[in-house]
Amino acid sequence: MINSFVIASLFTIGVTAAAPMYAENDFSCKVEVAVATPPIQLTQNVSFNVTSVDNTGPVRSITLKGGSAPQRLDIACFNAYTVSATTYPMLNGINPIGECLLKAGNITFNYSGDTISVVFPNDFICNPA
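The opening position of the sequence shown corresponds to residue 1 in my numbering, with each subsequent residue numbered one higher.
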């Protein structure tokens, strides 16, 4: 009887310890994006994209208008990401001005709840179109 209790207890401990390995991604990490106005005019939009480096994680995108308040994107922790931005006028049919990548390179979140903040264009390197 005691032997079966010990085995059941060890099984329960093993299942409890292994459960986090199969849990959903932790989406408590955040990327806060903002647009510096000026130089970005009120008539321009900036599209931010947060993409996992190995293309296995989630992709998050948001478009901010010049002069708008900063916004946060919830993303999965424990992945490496590329943060890019593209600025373009509000007029439809006009090609984007250029694509920009974060100066710091890829970002990695090590702990649940980690947050980074980026400001366009200050934190980005842009390639002309």
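Hints were generated in silico from the structure; no laboratory data involved. All of these numbers come straight from a predicted model, not from anything done at the bench. Just so you know, even glycine gets a beta-carbon here, dropped at the ideal spot from N, CA and C. Any given hint could be a false lead.
Stated by the list, open to error - In silico DSS-like pairs for lysine-lysine, Cα to Cα no more than 25 Å straight-line: (1) LYS65 with LYS103; (2) LYS30 with LYS103; (3) LYS65 with LYS30.
Unchecked claim - Pairwise CB distance ranges, derived in the manner of DEER restraints: (4) PHE78 with GLN41: 34 to 40 Å; (5) ASN110 with PRO89: 34 to 40 Å; (6) ASN127 with ASP74: 24 to 30 Å.
Note whether the CB distance of ASN127 and ASP74 lies within 24 to 30 Å or breaks it.
28 Å, holds
Checklist line | Restraint check for LYS30 with LYS103, where alpha carbons must lie at most 25 Å apart | finding: Answer holds: LYS30 to LYS103 is near 18 Å, not above 25 Å.
message = Checking one constraint from the list: CA of LYS65 to CA of LYS103, max 25 Å. Satisfied?
response = OK: LYS65 and LYS103 at ~22 Å, within 25 Å.
- Are LYS65 and LYS30 close enough, with their CA atoms no more than 25 Å apart? 20 Å, holds
Do the beta carbons of PHE78 and GLN41 sit within 34 to 40 Å of each other? 38 Å, holds
Exercise for the section: Mind checking the hinted window 34 to 40 Å against the Cβ distance between ASN110 and PRO89? Expected result: 38 Å, holds
Hint compliance for this structure: every hint is met.
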